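J.: These are the residues of each chain, in order.
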Amino acid sequence: MFLRALKAAFPRTLPVLAGYLFLGLGFGVLLSRAGYGAGWALLMSAGIFAGAMQYVAVDLFLAGAGVLECAMMTLAVNARHLFYGLSMAGWYADSGKMKPYLAFSLTDETFALLSLTEAPESVPERWYYLCVSALNHLYWIAGSLLGALLGLLPFDLLGIEFSMPALFVVMLVEQWRRKRARLPVLIGLACALGCLFLLGPERFTVPAMLLVTGVLFLFRPRLDKTEGRSRA
Amino acid sequence: MSILPAVLVIALVTAALRLLPVMLLGKGGKPLPPAAAFLSRAMPPAIIGLLVVYALRGTDLSAPPHGLPEAAGVCAAALLQYWKKNTLLSVFAATACYMALIRLL
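Chains as they are written, first to last, in this note's numbering: chain A, 1 to 232; chain B, 1001 to 1105.
Hints in this document: simulated from the structure, not taken from any laboratory. Treat the hints with caution; some may be incorrect.
Said to hold, decoys possible - In silico DSBU-like pairs for lysine-lysine, Cα to Cα no more than 35 Å straight-line:
#1 K225/A to K1085/B
#2 K1084/B to K179/A
#3 K1085/B to K99/A
#4 K225/A to K1084/B
#5 K7/A to K179/A
All of these numbers come straight from a predicted model, not from anything done at the bench.
If we strip away everything but chain A, and leave its shape as in the complex, we get (with noise of 0.2 Å):
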């Protein structure tokens, strides 16, 4: 059962593979660079697995903030998380014992991944969830350590940190060749660009999020219209 969900999971998640591997590294440089070594980059990418967040948190230790400061922090930059949950209820509601580990580990990556491939039919949709996941965390951790290791060596590796957005837009490039999934890609986009604009790249994505989910409803009688199966 593992097995099988694991072959499965692992050749549609290579390209996770190479953006976390990417960005872990950038990350492990970083705090490497910040003067902490394998050992936090190992705890902070097991224990957090928030890649922007762990980004941020290397600026936070640098600058001596508080708890209440990081507290405050990690809400403003992780709250995009409340609605990837509120999107994959459903689609974690059977999945028994997983079900924390599976919320616990819905980065930006795995939500698109998760939201754009199906589980063969032999295979049960929560192993394939699992292994999907749990594969990214190990892709992060590695990248963070390899990152940790190599921060003490002159790499010039700025830019590196584009295969983020890169990946997101092959993503959109996927998800635009479903008929049914490019008004919400719109919306997706407008909202975004919208409140980036009207409020600055600090502090845009929860509006935006309160947006989306807004204009949503408001398209729902003609998504619902479009919706043929239970998935978007």
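Please build the complex by placing chain B on the supplied structure of chain A, with the hints as guidance.
T.: The following block gives chain B in isolation, referenced to the frame of chain A:
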């Protein structure tokens, strides 16, 4: 000063944000409320649109090179993916294109 308290707080807040909706909704095999079921379908593609903007939020259009490396990288990723359908190739090529352009421009 140890960063352990900070790491723990960040981990706890992140986990709470991720666990709360999943653990509270659809509990005990009860069907999701129709509104949540609708969001499960319509939200994923919309959020991918949002994530593209989120990942590019730091792009500075006002200073040279006016977001040109980002624009070129996005186009490279989109066009390659559209034609070749090879995610790895698209991500690698777009990142390489971006890394080259920020050094050249």
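J.: For every hint, state whether the structure bears it out.
T.: Here is what the structure says about each hint:
1. K225/A to K1085/B: Distance of about 29 Å is within 35 Å: holds.
2. K1084/B to K179/A: Distance of about 19 Å is within 35 Å: holds.
3. K1085/B to K99/A: holds (32 Å)
4. K225/A to K1084/B: holds (32 Å)
5. K7/A to K179/A: This hinted pair holds, its Cα atoms lying about 29 Å apart.
Checked against the numbered hints above, the structure breaks none of them.
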